[in-house]
Each structure stands twice: as structure tokens, then as C-alpha cells.
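Since the structure of chain A is already known, use the hints to place chain B on it.
Number of protein chains: 2
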Amino acid sequence: MKQLTVDLGERSYPIYIGEGIISGLAATLANHKIGTKSPILVVTDENVAKFYLAQVKDSLEAGGYRVATAVVAPGEKSKSLAVLEDMITVALEAGLDRSSAVIAIGGGVVGDLAGFVAASYMRGIRFVQIPTTILAHDSSVGGKVAVNHRLAKNVIGAFHQPEFVLYDTATLKTLPEREIRAGLSELVKEGFIWDREFVEWFDANTDKLLALDSEALAHALYIGCGVKATVVSQDEREGGLRAILNLGHTIGHALEAVSGYDELLHGEAIAIGMVGAAMLSEKLGNPGSIAVETERILRKLGLPVRIPSHLDTDAIMSALMHDKKFKEGTMVFIIPTAIGEVEINSNVSSVWVREIVERLKGEA
Amino acid sequence: MKQLTVDLGERSYPIYIGEGIISGLAATLANHKIGTKSPILVVTDENVAKFYLAQVKDSLEAGGYRVATAVVAPGEKSKSLAVLEDMITVALEAGLDRSSAVIAIGGGVVGDLAGFVAASYMRGIRFVQIPTTILAHDSSVGGKVAVNHRLAKNVIGAFHQPEFVLYDTATLKTLPEREIRAGLSELVKEGFIWDREFVEWFDANTDKLLALDSEALAHALYIGCGVKATVVSQDEREGGLRAILNLGHTIGHALEAVSGYDELLHGEAIAIGMVGAAMLSEKLGNPGSIAVETERILRKLGLPVRIPSHLDTDAIMSALMHDKKFKEGTMVFIIPTAIGEVEINSNVSSVWVREIVERLKGEA
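If you read the sequences in order, they're chains A and B. The first sequence maps to residues 1 to 364 in the numbering used here. The second sequence maps to residues 1 to 364 in the numbering used here.
The shape of chain A in the complex, shown without the other chains (with noise of 0.2 Å):
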């Protein structure tokens, strides 16, 4: 088993990383005493119910834990008020009490949604996360957890760190595989915004990545989670650095917001977005080459690296004008300056933009 800290102070966890470590939850509950006398809710969504919530349930009960569960439909969609209302319901009417803690088993929607009923519930419980896709590394570190409005996604939420996060890579084997690419995305990201030499392994390990070898899991989920820690730590409120891990996202949230959230996996959305940035930075007086190398790597990945032909530019570019990256009217993008560094340039020109957003609209 792997283990690494995101330190964040007094708020401070471990993310633990291994295959079938998961059988071992009570005893790491104990571990970070979370004791049995109140009860815990577990949420997830129907499609990890089917794999993992008997499995957990007894295991917890095993262990002594009484155990309330909360099944969401899977999906953005259950990230709303009222699936959290829902969920406070649940944790009423099972007890709950400011001892208590909520586990998520799942991906960043359930991750997202658990953490926000840990962050609300009785003004702030404690919460454990266990992510069962890749995407959902990038949620797991940083403690950042909301639902969506129907005007914008995340936008009521809080910072609420988890006791500690369980990567059991076992989990991972169940995902379908256009989602592991997805995660791939998001995940090689990190590599690209601060460790040259993770891209290089990610290059040179894509087939392992892709047919989900354990351990080159584990290596990816460990470097990855690291990085995204090491940024966090510094910058734990979103201040200014913590911005660069959103590279390719600016353009990615557009496409999604745009094509309606059904189209484009978020890690697809990012991926083209990444190589949108790239093409930027081209732009802005940096080497041709980081583009070239972005979207080759990326292709390598079976992602997507053009925009759907039919998405509309002018919505596109209205959708990133909204997007609250632009803090009071300045556009702002994460710009890649070499493979595996990164700047936050708050100068792009909206012309530039629009000449990017028609050329990934161009031929693959």
C-alpha cells in the first residue's frame, strides 16, 4: 500500500492507495477514531451499489458500525438541493449526530454531494472519501465540495477535508473504459502542470494505464494525487495557485456547458481544452512543440483533441465569458510555457480565444 499526505496543516489526511484495501475500511475508521457509538452514513450511486455497498455495509457492521446508506441515481444531476436535502433526511432520521461521519464510494458526484452533507450537516461532521474512478483523484484532494444550481455547476459548496481518502485500485476495474480514458485525462493533466517526468511515464505506460495494470494504477493515483496535494497545500482557499490545476478547463467547462453536460466526458471536455491552451501559449511566444507534444500524448490516451464540428462558437465563447475564471472581466488562462510547467497569464485576448476555439473546430 502507498500512502501520502495532503498537508494542510490541522487539517492535514492521508490518501491511502492499494488493490483491496477497501476490505480493510473499519479498521481505518478506527485508526482515525471514528468510533462505532454514533452511526455513519454511506453514500454512493446505484451503479457502485451494485459492486461494493453489501460488501462495505457488512464489513462496517462487522467492525461494530451502525450503518445508514443513501443510493443517488448516477450522474450530475443527483448533485443538487435536493438530493442534499434528501440526504439530511437520511442522516436524521438514522441518528446522525456531530460524531458521526459520511463515507462517499464513488466518483466526484458522489464525492462532491457526500462531502457537502458532511460539510452542512449539524454545521460540519466528518467525512471519508473512497473514489472508484479515476476522475475522481482530482476531487479527492482538496476538500473542495458542492452541488450545482441550475444557473451554474459547484456554485454552492464549501472546503470540507476528508478524516482520510481509500483509493482501492481494485475499484477501478469495473469502470467502463471510454470513463478510464476520461480519468487518464485529468489525471496526466497534473503531469503537465508540474512534472515533466510524470508525463514521460505516462507516455511511456499509456498501454498499461489503459488495460488498468495495479500497480501502474497505483504509481499514476500516487503521482497525480501528489501533485495536486503539493499545489493545494499551498494555496488550501483557492487564492492563486491552486488556479493552475484547472489548465484545459476553461475552454473544457465551455464545451461542456455548451453541448449540455451528455456530450463530452468532463475528462474529454479538459482534454481538448488542454490542447486549446497549448495552441495559446503558441500564441503568446512559447514553443510550437508543447502543443504538438499535448496533443499527441493525448490522442495516444484515446481522447478527444478537437471540438465537435457542430458546437456553436459564438456559444462557446459567450459560455467562457461566464465562466468565474474571469474574475471581474479579466480573462485569464492557464498557459502552458513547457511540458510539465505552467503560468496563470490574466491577458489572453478574447480574439485569440475565438481564433483557437475555430481552429480545434477544424479537422482532426
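Be a bit skeptical, because a hint or two may be false.
To be verified - Within a straight-line C-alpha distance of at most 25 Å, the following computed DSS-like cross-link-like pairs (lysine-lysine) qualify:
hint, chain 1, residue 1, chain 2, residue 2
1, A, LYS37, B, LYS153
2, B, LYS37, A, LYS153
3, B, LYS37, B, LYS2
4, B, LYS77, B, LYS153
5, B, LYS153, B, LYS57
6, A, LYS208, A, LYS173
Unchecked claim - Just a few of them, taken from the derived set where beta-carbon distance is under 7 Å, the chain B residues facing chain A:
hint, residue
7, LEU81
8, GLU85
9, ILE88
10, LEU92
11, SER120
12, ARG123
13, LEU151
14, GLY157
15, ALA158
Worth flagging that the hints you see were computed from the coordinates, not collected in a lab. Virtual Cβ for every residue (Gly too), placed ideally from N, Cα, C.
Relative to the frame of chain A, chain B by itself:
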């Protein structure tokens, strides 16, 4: 103008108390580095809006601020996730960003609701409180913000400290007399838990307070907020000491729940609860004079000191057992051990509590 500081390290903030100081709001915002670039959301209720909303909006706009307003219905029903969602809609449509602030003008309901809007919008933006009731002195110190769930009050919320609190004693003069008395109940409670001298001053100045004498009110709010600030500073996240602020609240909350939240004002319910706690104190071996003195002063303030006889004892006991302060099944009461001193007693027998509830239902 009086000023005191709630000392919470980097989350410390001042409380300004004085007559007419609301007219200086724009300047005070500027002093606290809340700039004019990002829009501000002012939240209030229909009753308060009539008196102050136009004035505040005009003076903020004169100071260069863009102001969005949200006016909610008065009363606890506005502390709901549905109203929270409406507030977030207003905030998004007005273009509030991470540099924006939410200003609450009103009583505890408005403060709790607007505070949770500020705590959760984009995972937390700045918050300013302008309490317009005496009771709201309580919710304006300590950062506890929340909305209700149909099964429990204040169960969905956060700890979110304001940038500053501005207490304009002139705004208290439009309060109905019954609310004045109920507000003074929570204020004299700060004396009962911590400051005998303040109780004596209260006893000597009842007439001035009930006549809303500005100087007397400013003094009482200054001392009352000061007691609460001292307690909160030592226990921001409610680990232990902060529980003493709940003197009278255990029985008080049960009475509010059983009477359907519309018969007794909060301050009235806790007045009865303080007498009950003092009676329990005598059963625990403390002098009977504590209950006599507590009851005398609360009567002098025109507050109820007996449980309405139509409320059912079993229902009250059942509500008491569900109070979240009964952590892990143990019965905890805040017990006065002298006038101006309390202890957290976790071994109060429910048989005694039932006896006291019955006694409180007797002749006044």
C-alpha cells in the same frame, strides 16, 4: 460609537455599536476592503425592508457599490433550502463573484439565512451583519449560520464568520414590545452564564432597557456581545465551553418544537428554560436562591416563567430526548451554580427533568 473585537485569530472581526451608524455603511465596507468592483447582495425581510432597505441601498449606491437585493418573508419558514436556492439565483443573476459580499439586515432569521448564502456561494464569500433586533446580538457573534430541515432546526449550515457586525441601536426602536422583552431575555442570559455584575446592572436598568434608551441598549449589547465573544473565542467550533451559551435552551428548544414555533418567541421559551435550569440546579444541591433570583429578574422584564399548561409533558420530554445536545444518549444540561456562573452537567436524570417540567406547568 463602541467597538469590541471577536477574537478568532485570522477570522477575528469587530462589532460596531452606536446610534445612527448604519448611515456610514459604505465607508465601513471600504475600510474593510470590500471594494466596489464586484456587486453586493443585501438580504433582508419584508418588515425590515420597509424601514431600511431604500436607505441602505441609496447610501451604498452613493458610495459606488452595485447592489442586488433579496427580500424574504419574515419568520423561520424563510430559513429553508428552497429560499437559499432563490438567494443563489439572485446572486448569480446579479453577477456576484468571489470578491463580492453578502450583507444581512435583520434579525436572526435573516442573519442565519444570508450567512449560509455567503458561506456556500462559490464555497464562501464575505459576509456582513447588520442586526436589527436585540435577539440577533446572539446570532451575530460566533459565525453559526444555517437553514432548517423539516425534521430539525439549524441542521444544515456552516461556521462562517462575518467581516464585521454593525449594530445601529436606532434600528431597534421599531421593534414590537414583545420582541424587545424576548430579546432582552437572551441578553440577560449572557449575564447569568458569565457576569454577575451584568445581571445586577440589568436588574437596576430594566426600565431604561424596556424604554429603549439608546445608551442603556448600547451598553447592554456591548457587554452581552462581549460575553458571547469571550466564550466563542475559546471554542469557535463548539467543542465544549461554547455549550454554556445554551443555558435555558434545552428546555426552551423543546417548548418551541412542541408548541409549533408560533406560540412562544425564542426569548420567551428560553426564559422558561432558564428558570427550569435554575430549578434543576437546586435539585443538584445548589442554593434555591438562584431559581428565585432568576425568576424575579425575568418576571421584571415581563417574560413568561411558566410552561403554557396545554403543552403535553410527554411531548416535551420526547422533544428533549431528541435535542442534539444529548450527545450519544447522555443527558446534558447547562446548570447555574450561582448568579453569573454555570457548569456543563452531563449527569442530569431525566426523572428530575420530568419533575421540573411538571412543576413549570403549575401556577405561575
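Going down the list of hints, with the structure as the test:
In summary, the hint linking LYS37 (chain A) to LYS153 (chain B) is supported, as the alpha carbons are separated by about 23 Å, within the 25 Å threshold. Pair hint LYS37 (chain B) plus LYS153 (chain A) holds up; C-alpha atoms about 23 Å apart against a cutoff of 25 Å. A hinted pair counts as satisfied when its Cα atoms are at most 25 Å apart, and LYS37 (chain B) with LYS2 (chain B) does not qualify at roughly 30 Å. In summary, the hint linking LYS77 (chain B) to LYS153 (chain B) is supported, as the alpha carbons are separated by about 10 Å, within the 25 Å threshold.
Distance hint between LYS153 (chain B) and LYS57 (chain B) is unfulfilled; the C-alpha atoms sit about 31 Å from each other, more than 25 Å. Restraint check for LYS208 (chain A) and LYS173 (chain A): satisfied, since their Cα atoms lie roughly 13 Å apart, inside the 25 Å limit. A cut of 7 Å between beta carbons decides the hint on LEU81 (chain B): the least distance to chain A is about 5 Å, and the hint holds. Because the closest C-beta pair between GLU85 (chain B) and chain A is about 5 Å apart, less than 7 Å, the hint holds.
Hint on ILE88 (chain B) holds. Least Cβ distance to chain A is approximately 5 Å, under the 7 Å limit. At a threshold of 7 Å, the smallest CB-CB gap from LEU92 (chain B) to chain A is about 5 Å, leaving the interface hint in force. Against a cut-off of 7 Å between C-beta atoms, the interface hint on SER120 (chain B) holds, since the closest Cβ of chain A lies about 5 Å away. For the restraint placing ARG123 (chain B) at the interface with chain A, the shortest Cβ-Cβ distance is roughly 5 Å, inside the 7 Å limit, so the hint holds.
Against a cut-off of 7 Å between C-beta atoms, the interface hint on LEU151 (chain B) holds, since the closest Cβ of chain A lies about 5 Å away. Against a cut-off of 7 Å between C-beta atoms, the interface hint on GLY157 (chain B) holds, since the closest Cβ of chain A lies about 5 Å away. Checking ALA158 (chain B) against chain A: minimum C-beta separation of about 6 Å stays under 7 Å; hint holds.
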